[in-house]
Amino acid sequence: MEWHGTVQRKVIRRGTKSEHEALVLVTSQGEFKLRRVGGNPFHDETLDQLEGHSIRCAGELDGNEIFMSEWEVMD
Amino acid sequence: MAIDKVIVTNAAALSAKYGKTGFGKVGAALKKLIAADAKRGLTSKLIALDSKTDMAPYGVPVASAADAKAVKAAIDAIYAREKPDYILILGASDVVPLVPLKNPVYSAGNDDDRFVPSDLPYACNTGYGTDINRFVGPTRVVGRLPDLVGAKSPDYLLKLISLAANYKTLAPADYQQYFGLSAQVWQNSTSLSLTKIFGNSTGLNLAPSSGPKWTVKQLSPRAHFINCHGAHRDVSYYGQKGDSYPIAHTAKNLVKKIVPGTVLAAECCYGAELYDPVLTGGQAGIACTYLGEGAYGVFGSTTIAYGPSSGNGSADLICQFFLHAVIDGASLGRAALEARHQFAGLYSHMGPTDLKTLAQFYLLGDPSIQAAAIVPHGLNKTKAFQSAFAKIGDAGVRTLRRERLHRVGTSLKKDLPATRATKPGAGPEPSREITRVLADAAAESGLTGHASLHFHVAHKASLNKGDGVKRTVHVLISAPDQGPKQQHAAFRKVVAIVATAENGKLVHLKRLHSR
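So the protein lines, in turn, are chains G and W.
In terms of our numbering, the first sequence opens at residue 7 and continues consecutively.
In terms of our numbering, the second sequence opens at residue 1048 and continues consecutively.
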């Protein structure tokens, strides 16, 4: 699948043992946490460069998380 | 002959995964397990839930392996007839599904789990449903010996069955040393947990900076207690210090390092989630890796878990209760049931996060395994005692224990109020006093924006509490779209305010901190 949106850093899963700041893709279909297969799910430095950018990404949606296989900065 | 232990599985699902030859190997391994159980004084019976023949004495066989409702009905029917002391569910979620219970605190961007996959309903006499409130009174001893989701080779499952068949009960002292691991930010909470279980926390490892390359010696204690971060579809547990989340424990580093007989209690989010290792490059998760390396059992969560930043609550408590019971000589399954009882019994009513905790923690492992021996009374060592119990062994006293567990579970089911979410606009709306207190507490805590959840607590008629008393629970959670991290830097630990009211009057207020 493919998504377009803006990458924002947000605090997610408040009040749980998983609360953390995550990179979230804000799209017209909703907001999804961005992950890379094999990347640190709590802080993936490879993805930090995407913060604030508009991107197109491809991958798999599982629950509320997109496991990205590829991405492209659009702006 | 009375059946002490039933092993339930889905033959078609196993056969589809492993083929005729592989399925035959699983059957042969199970015969050895049943024979080994017999030597321990347990009469065990294998029941394929999808087999017309096997299910004939009980009812309708399961037509679809994924049908949790049909599986629940089949297990209920088996339990009603056999009243086994142990129920062993054989296979992962693609063989025997977990029940998808509704998450009472689902909130997009906060607690993202719409459902809580759970084995709790299989431990309860209540019929199928997806409301956790239905299952607050478990009475059955249940555990799951998983294979690997999506596996094509039965080797992993064969290994686990063999380990269960050949397990040895060890001396209590073998479980009094521990491997303790915590995210640094939760040091105080984990230290408290370890002190409650083991009497000290001197062996606690903190991440950062410890881990993930643990030595055999470091992992050699058989009791493992871990309070770290965990993630969906992930092979590691993570530490935390500030914004740093280093790997604290990872599955690939555990190979040939887990001492046979190890028992793990893991508080981590998704700490015992079952998923297809293909999704993680072929590496199974930590829970399955522990079992594959010789651990007797893992007690962990299927989903996002809860706990306070300091002190103990939720995941801390249910994991403590489990490990304490194991060390005290309970079978793994009884330890899991007693942990659920102790946890549910702590509360006047279970809040929404408590309900999730009760549902999400489950046992991976053969529930009849007794890891640590009970410290015998002096009388037990006498010839008269040993002669008297030579034939029945533990069976007599086990019957007494099951009677007690049944009574406790039945009492919880009968007396614990139900805590149910109310739809927006359907009430109960918080009173002006509650609204003001919540607003003041939120402001003092730095919660400048928030979402609210409301619940009503429905007392059971048995408690004589219903007359005129309306108890409600109101939760303020920071809105998920709070924005940049600077905005939260000072208040990241404060996440929610929970008010409990009776007839609109505040009776309890707590502030939930992130972990």
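Heads up, some of the hints might be wrong.
[Said to hold, decoys possible] Heads up, incomplete: computed chain W residues facing chain G, CB under 8 Å, no partners named:
1) 1285
2) 1353
3) 1441
4) 1443
None of these hints come from the bench; they were simulated from the model.
Beta carbons: idealized from backbone N, C-alpha and C, even for Gly.
Here's how the hints hold up against the structure:
1. 1285: Residue 1285 (chain W) check passes; min Cβ-Cβ to chain G is 6 Å, inside 8 Å.
2. 1353: 6 Å, holds
3. 1441: 37 Å, violated
4. 1443: Interface hint status for residue 1443 (chain W): violated (42 Å vs cutoff 8 Å).
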